[in-house]
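Using the hints, put the two standalone chains together into the complex.
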Amino acid sequence: TQLLEQSPQFLSIQEGENLTVYCNSSSVFSSLQWYRQEPGEGPVLLVTVVTGGEVKKLKRLTFQFGDARKDSSLHITAAQPGDTGLYLCAGVGSVRWGKLQFGAGTQVVVTP
Amino acid sequence: DVKVTQSSRYLVKRTGEKVFLECVQDMDHENMFWYRQDPGLGLRLIYFSYDVKMKEKGDIPEGYSVSREKKERFSLILESASTNQTSMYLCASSKQTGGRETQYFGPGTRLLVL
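One line per chain: the protein sequences are B and Y, in this order. Numbering-wise, this note's numbering comes out as the position in the first sequence, counting from 1, plus 6. At position 24 of the second sequence (counting the first as 1) the number is 11 in this note's numbering, and the numbers step up by one without a gap.
Calculated directly from the structure, the hints in this document are not laboratory data. Check before you lean on any hint, since a few could be wrong.
Quick list of the computed label-pair ranges, beta carbon to beta carbon [said to hold, decoys possible]:
(1) G50/Y with Q15/B: 24 to 30 Å
(2) S(-5)/Y with D73/B: 40 to 46 Å
(3) G58/B with I47/Y: 41 to 47 Å
(4) R87/Y with K63/B: 17 to 23 Å
For clarity, every value in this text was computed on a predicted model and none was experimentally measured. For each residue, glycine too, the CB sits at the ideal point set by N, CA and C.
Excised from the complex, chain Y in its bound form (with noise of 0.2 Å):
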């Protein structure tokens, strides 16, 4: 059964703290991705990697960092948290197969920003 995993279902943090959102898949994808979801907006992608050490800037990545240094695990970095950056954070990944992937997702960590 695919499976993608996410660190924390519920965070809250200060502004100003440097926050790490973890996401792990098992199913060997070269894609991962990370949306924010806020309600009426839908999901917008933040970034995405296509490979280990590579990484793409998505629709909305200010204010985000991202890593991968391997293949399975796929990090979201928010530097200095602000509280425009409350939101649902969901992470996908997807094979490679030239357009029409699913895309697996965790079940999403709440972020609350104080």
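Isolated chain B, as found in the complex (with noise of 0.2 Å):
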């Protein structure tokens, strides 16, 4: 099993402010995703990069997948409220199928 860490688990900022969340493996991915997650809800995905190096923007969103393809990263540029959520990243192990192997999520804050 190909495992990914992410850190910080838990993290709180004022709206605003900016962010960064990393996710780390020894293991080397086809691809990774990452997705957020809403209380009650299940995850959405917000984004796959697929080439190391490959930075993609999604309005104040940037992912960055690291050139060996074993770590990412996700910065937000002045987080607001509506940032808060569980961000899981989620590299494709098994191209044959689909499977998906989870870091176990970064819990982010904005408050007002």
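Here you go:
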């Protein structure tokens, strides 16, 4: 089993601040996904990164895939209360079946 | 709009009971998955299915079984519920596209075993 470690586990910030969440592994993944989960709901896909060194932007969210495809980061600029949620990274381990290996998640709380 | 539905949002069962969790997707997806989510452990894969009547064990299959008689429906069965199976159970589905699938999740079933 390929393990994904996320840090920090919990992050509480004020509205307008920036934050970065990290996702690290000793294994190489063919691609990596980031999901956000809000209370009482299932995770929802934010982005998939495929190429080593790739950077993707989704409004105020910037995702980066490490050159060696073993790690990734999520950076949020000028966080808003609507960014509150559990952020999960997931590595695609089995290309054949699309199986995902999830990290434990980072709980982000943005207060007004 | 894509949709994955789970039969119950909350369930309370007694130790030793047989428990059925149902999941239905309306997207004609080939793959379906069952996860459990526990604080600090993230999502752990219990079983998945890539076709009707086909199933594969995930990382933590012990104490669980599954059934997929129709493409749209994937059931998780706890043969004899135990207190350590108290958890949030999430169902997901995806289309087979060669490793870049998006998994679509249901809202989850929070199961309490007393």
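Comparing the hints with the structure gives:
For the pair G50/Y and Q15/B, the beta carbons lie near 27 Å from each other, so the given range of 24 to 30 Å is met. The hinted range of 40 to 46 Å is satisfied by S(-5)/Y and D73/B, whose Cβ atoms lie roughly 45 Å apart. Our hint of 41 to 47 Å for G58/B and I47/Y is violated, since their Cβ atoms are close to 31 Å apart. The hint said 17 to 23 Å for the Cβ distance between R87/Y and K63/B, and at roughly 19 Å that hint holds.
Consistency with the previously given hints fails for number 3 only.
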